[in-house]
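J.: Single-letter residue listing:
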Amino acid sequence: MAAYLMRRALMLAATLLVSSFVVFAGLSLAPGNPLATLSGGRSLPPESVAVLVQRYHLNEPFLVQYVTWLGNAVRGDLGVSIILRQDVSDLISSRSGTTIALILYAALIVLVGGVALGLLAALRPGIVDAIVVMSTALVVAVPPFVAAIVLIGVFAVRLRWLPALGNGTGLWEGMRHLTLPALALAAAATAAVARVTRTTVRQEMGREHVQTAISRGLPYPAVVRRHALRNAAVPISTLAGMTVASMIALAAVVERAFSLNGLGAYLVSAALSKDFAVVQGISLVLVTAFVLVNTLVDVGAALLDPRIKLGGRA
Amino acid sequence: MTAVAALLGRGRRSALGALGTTAAAVIVAAVVLAVLGPALSPADPDASDFANAYAPPGPAHPLGFDGQGRDLLARLLTGARTSLLGPLWVVALSMTAGTVIAIVAAWRGGWLDSVVSAALDVVFAFPGVLLAMLVAAVFGPGLSAAVLALSVAYVPYIARLLRSAALAERRKPYVQALEVQGAGSVAICLRHLVPNLMPLIAAQATLFFGYAMVDLAIVSYFGLGVRPPAADWGVMVAGGQSGVLQGYPAESLLAGGCIVVLVVAFNVLGERLSDDSGQSGTSGPSRWWRPGRGGTA
Numbered sequence: 003m004a005a006y007l008m009r010r011a012l013m014l015a016a017t018l019l020v021s022s023f024v025v026f027a028g029l030s031l032a033p034g035n036p037l038a039t040l041s042g043g044r045s046l047p048p049e050s051v052a053v054l055v056q057r058y059h060l061n062e063p064f065l066v067q068y069v070t071w072l073g074n075a076v077r078g079d080l081g082v083s084i085i086l087r088q089d090v091s092d093l094i095s096s097r098s099g100t101t102i103a104l105i106l107y108a109a110l111i112v113l114v115g116g117v118a119l120g121l122l123a124a125l126r127p128g129i130v131d132a133i134v135v136m137s138t139a140l141v142v143a144v145p146p147f148v149a150a151i152v153l154i155g156v157f158a159v160r161l162r163w164l165p166a167l168g169n170g171t172g173l174w175e176g177m178r179h180l181t182l183p184a185l186a187l188a189a190a191a192t193a194a195v196a197r198v199t200r201t202t203v204r205q206e207m208g209r210e211h212v213q214t215a216i217s218r219g220l221p222y223p224a225v226v227r228r229h230a231l232r233n234a235a236v237p238i239s240t241l242a243g244m245t246v247a248s249m250i251a252l253a254a255v256v257e258r259a260f261s262l263n264g265l266g267a268y269l270v271s272a273a274l275s276k277d278f279a280v281v282q283g284i285s286l287v288l289v290t291a292f293v294l295v296n297t298l299v300d301v302g303a304a305l306l307d308p309r310i311k312l313g314g315r316a
Numbered sequence: 088m089t090a091v092a093a094l095l096g097r098g099r100r101s102a103l104g105a106l107g108t109t110a111a112a113v114i115v116a117a118v119v120l121a122v123l124g125p126a127l128s129p130a131d132p133d134a135s136d137f138a139n140a141y142a143p144p145g146p147a148h149p150l151g152f153d154g155q156g157r158d159l160l161a162r163l164l165t166g167a168r169t170s171l172l173g174p175l176w177v178v179a180l181s182m183t184a185g186t187v188i189a190i191v192a193a194w195r196g197g198w199l200d201s202v203v204s205a206a207l208d209v210v211f212a213f214p215g216v217l218l219a220m221l222v223a224a225v226f227g228p229g230l231s232a233a234v235l236a237l238s239v240a241y242v243p244y245i246a247r248l249l250r251s252a253a254l255a256e257r258r259k260p261y262v263q264a265l266e267v268q269g270a271g272s273v274a275i276c277l278r279h280l281v282p283n284l285m286p287l288i289a290a291q292a293t294l295f296f297g298y299a300m301v302d303l304a305i306v307s308y309f310g311l312g313v314r315p316p317a318a319d320w321g322v323m324v325a326g327g328q329s330g331v332l333q334g335y336p337a338e339s340l341l342a343g344g345c346i347v348v349l350v351v352a353f354n355v356l357g358e359r360l361s362d363d364s365g366q367s368g369t370s371g372p373s374r375w376w377r378p379g380r381g382g383t384a
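Heads up: the sequence lines are chains U and S, in that order. The opening residue of the first sequence carries number 3 in the working numbering; numbering runs sequentially from there. The opening residue of the second sequence carries number 88 in the working numbering; numbering runs sequentially from there.
To be clear, the hints were calculated from the coordinates, so they are not data collected in a lab. Heads up, some of the hints might be wrong.
Said to hold, decoys possible - Partial list, computed: chain S residues near chain U (C-beta under 7 Å):
id: 1; residue: A264
id: 2; residue: V267
id: 3; residue: F309
id: 4; residue: V351
Quick caveat: nothing in here was measured; it's all calculated off a predicted structure. From the three backbone atoms N, C-alpha and C, an ideal C-beta is built for every residue, glycine too.
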């Protein structure tokens, strides 16, 4: 186990290093000189140019530039936005709350909704099962921006139940403003989790130990909970974890659709306005989060399920 | 696409089942509409007349108009081209690169394989959409930058899967027999290994076409892929959003609906094909692709 954790930690470090390199190398891959990229093609006064050259060590070799940038980034210094003239770290931290809340809200919907729907379908064969299977097959293919459009059209414009745009202030208003976005983000993942739950629970219910437990007269709900659902927990939590990881990138779509003031929407607008320091900073934060969640999911599955071979690679 | 063509060409639709056949038919219909698009189009997709903004459907304009008074059917038909060509490029690039990497790694084995596998594990980390945003920020918005970024992001997924399949294939007796007979490595790979992996490659290509379609639409939705006013389904979903708020959801819903229908079709067909390729099932030779050839059983 210790060897496995060591190996994963090494892989994690290597992955983070490579990702940070990709994020940084974009600067020198860009057509034209890095200065033009950093300034987004704007013409700057000589003093600002001198500041940029010094900040990014543009007069020094590429690897030195990268190491300096990474060193600064690790210490929380991600540079300065060329448009807002503010520290990128400040800009990021003021917006990350929205994104984190959105992803947690969506993850909650995915887990609760997905497992509940899957259990319902697994334990009620026939019409209920058929409805769940058909609807999840459709919803699983609905990308978040289409889900957002449908939810806005139905619940905000037609029914006027929930607000369509903006963040909202205070806990209650904030939650109300995040409900439709979280649903849009969670829709496809909920359907996927429901389908996996249905399949695995049904498999487990057919196993000998579960059948034995039922025939010995143990209470049905307890059998489902303690034997079927517990054994199904590994594939379900792995998939749920992977979808949460994918939400880190997809949150941008939903934030954009609902005009939320989050990290992803800011990344898009920074990319559109060529505010390169901001693009680098947010990309670095998002990739790091993505890699961390994925590693946690892998390690978690290994810890939950002693059958997973720790040494081998697939 | 290759899968569909091969399938219809061989006339073995029954292997797909009713659902798979329907999915294939939807895809073929979309391709035909995309190819014939401009010829079928009832109006110029870019001609805008603000007097017609959000005008309801009429006999000459079966789907009505968008917020700038452009014919929606014309824009959907024109948009079908970019919306299908983009994913096609992504799939072609990433499948080619992924297959080459997988086969070279599996064939050579040893340190090369270890290095490639480790590298794939590491590259795995970058979400495609995020890479596309980064590339768009560097090179400026555009479809080709997005296509390139997504292709790079997909390669590890494809190469990892194909590598293990190629490895299993390489250990089979017929490959060793060919080697004993003195056939060259490249010849064995090209004439025997690739054809025998083809069912799996086709299935993966079909599945990834669907993924690429969604991811490209997302990038275009951000304004970082296909640029407005060009007609593209992702651009249309974004462009129609102000209409949704005013109670005219037609543009966004139609474009989004096209994407969803095609993605479902590609998913269904891809899953049917990968069932056939024996990847998810136990094993067995392919049922529709060059049956009996190469002795995959």
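J.: Regarding the hint that S/V351 lies at the interface with chain U, is the smallest CB-CB distance below 7 Å?
T.: 4 Å, holds
J.: May I ask you to test the interface hint for S/F309 with respect to chain U, counting a Cβ-Cβ separation under 7 Å as satisfied?
T.: 5 Å, holds
J.: Tell me if S/A264 is really an interface residue toward chain U, meaning its C-beta lies closer than 7 Å to one of theirs.
T.: Result: violated, 28 Å to nearest chain U Cβ.
J.: Given S/V267 was flagged as interface, is its beta-carbon under 7 Å from a beta-carbon of chain U?
T.: 30 Å, violated
Violated hints for the displayed structure, listed by number in ascending order: 1 and 2.
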